[in-house]
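Undergrad: Spelled out from the first residue to the last, the chains are:
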Amino acid sequence: MMGTGNGSRPPTKAGCRTEPADGNALIPTGIEELRVRVQQLSLREQIERNHFLLMRLNAANARLIQSLEQGDVFEAIAEIIANLLGSEEIAVFDYHPAEKTFSLAWSSGVEADALQPFLCGAGMFGRAVEQGISQFQERQQDGALLPYEKNLTACVILKSSREIVGVIAIFDLLPQKNNLEWADYELLKFLETYGAVAMKFQRLQGRQVST
Amino acid sequence: MPTKKILLVDDSCTARLVNRMIFSQKSNYVLISAVDGKEAVERAKREKPDLILMDIVMPRMTGLEACRVLKKDKETEKIPVILLTTRGEEQYVQEGYASGCSDYLTKPVNDTELLDLLKAYLGE
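Chains A and B, in that order, give the protein sequences. So for the first sequence, this note's numbering puts the first residue at 1; every next one is plus one. So for the second sequence, this note's numbering puts the first residue at 1001; every next one is plus one.
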């Protein structure tokens, strides 16, 4: 419960002065208590932020696990991004490292024609694969985007055991969402690895069925 | 005081999971769920929840259609319906209110905002 302090400190009278441990200055008790309270609130906020993040990651993870049974990994990725991050315009590309080529694996909310230029692997999209690092529009330098990448918010590299298996292209965010927030970056980091694992699982399952 | 019951309606499993976690960890509300508008109407009649939290875009029956049906029915007309959707544009919000909903929240949902709103309708 907030506001109860640590319970071990005896009550102090208003206006009392205490000498801090370093002995450099006299600080009124009220100010000292206020400082402790601010510090406590900040620590509590850190823990609550972490709780919020874990809750989202937990839900995303549960959905990915479910997708392994249902064979709908792409739909699961799209659902996670729509509900937790806030975009309904998503494309997932397969990456073929031997030929260094891409193919469109799945998309939702984006016209197929608009995705064609991405297959050449240039621009921010290409840089993501080349560097093996997810790229975000708001972290790009001016002029670093190709004309057809204007609506591209993020290119998330799907990487499993250092092997790039694909890229998630996230286009426009929902109108009520202005930009990616700290928890979104964490969620995308989670998808980089576990989205890739789920995709690999689905591919293997596909091979099993076809043999 | 008896525990309040909320009917959560969403075809997205992720949305149901997140909301279930928010409710189980941060509130005492009892949560029941449905995956589309049709099931929501059936469950609402049967279980009489204290509040309905419903997505709009769903198969079989949308949240807007379900809201209209619930508001026309004497048994369910008084149950507050909060629409929860990715569509935050003015036109969609107006359409939501026209269907008879009490409130409108956009995804991605902020847990504090959601719980504060529920508290306003259901009390602590």
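Treat the hints with caution; some may be incorrect.
Taking beta-carbon pairs under 8 Å as the criterion, some of the chain B residues facing chain A (in silico) [as the list claims (entries may be wrong)]:
| hint | residue |
| --- | --- |
| 1 | Ser1012 |
| 2 | Cys1013 |
| 3 | Leu1017 |
| 4 | Ile1032 |
| 5 | Lys1074 |
| 6 | Pro1108 |
Quick caveat, the hints were computed from the structure, so don't treat them as lab data. The beta-carbon is built from N, C-alpha and C at its ideal position, and this holds for glycine as well.
Undergrad: None of the hints should be skipped; say for each whether it holds.
TA: Now the hints, each set against the structure:
Annotation: Ser1012/B was flagged as interfacial toward chain A, and the flag holds, the nearest CB pair being 5 Å apart, inside 8 Å. Restraint check, Cys1013/B versus chain A: the minimum CB separation of about 6 Å is within 8 Å; hint holds. For Leu1017/B, the suggested interface contact is upheld, since its CB lies about 4 Å from the closest CB of chain A, less than 8 Å. Interface hint at Ile1032/B: violated, since its Cβ lies 18 Å from the closest Cβ of chain A, which is beyond the 8 Å cut-off.
Checking Lys1074/B against chain A: minimum C-beta separation of about 34 Å lies over 8 Å; hint violated. Interface restraint check: Pro1108/B against chain A, minimum CB-CB distance 5 Å, threshold 8 Å, status holds.
Figure legend: structure checked against the earlier numbered hints; hints not met, in rising order: 4 and 5.
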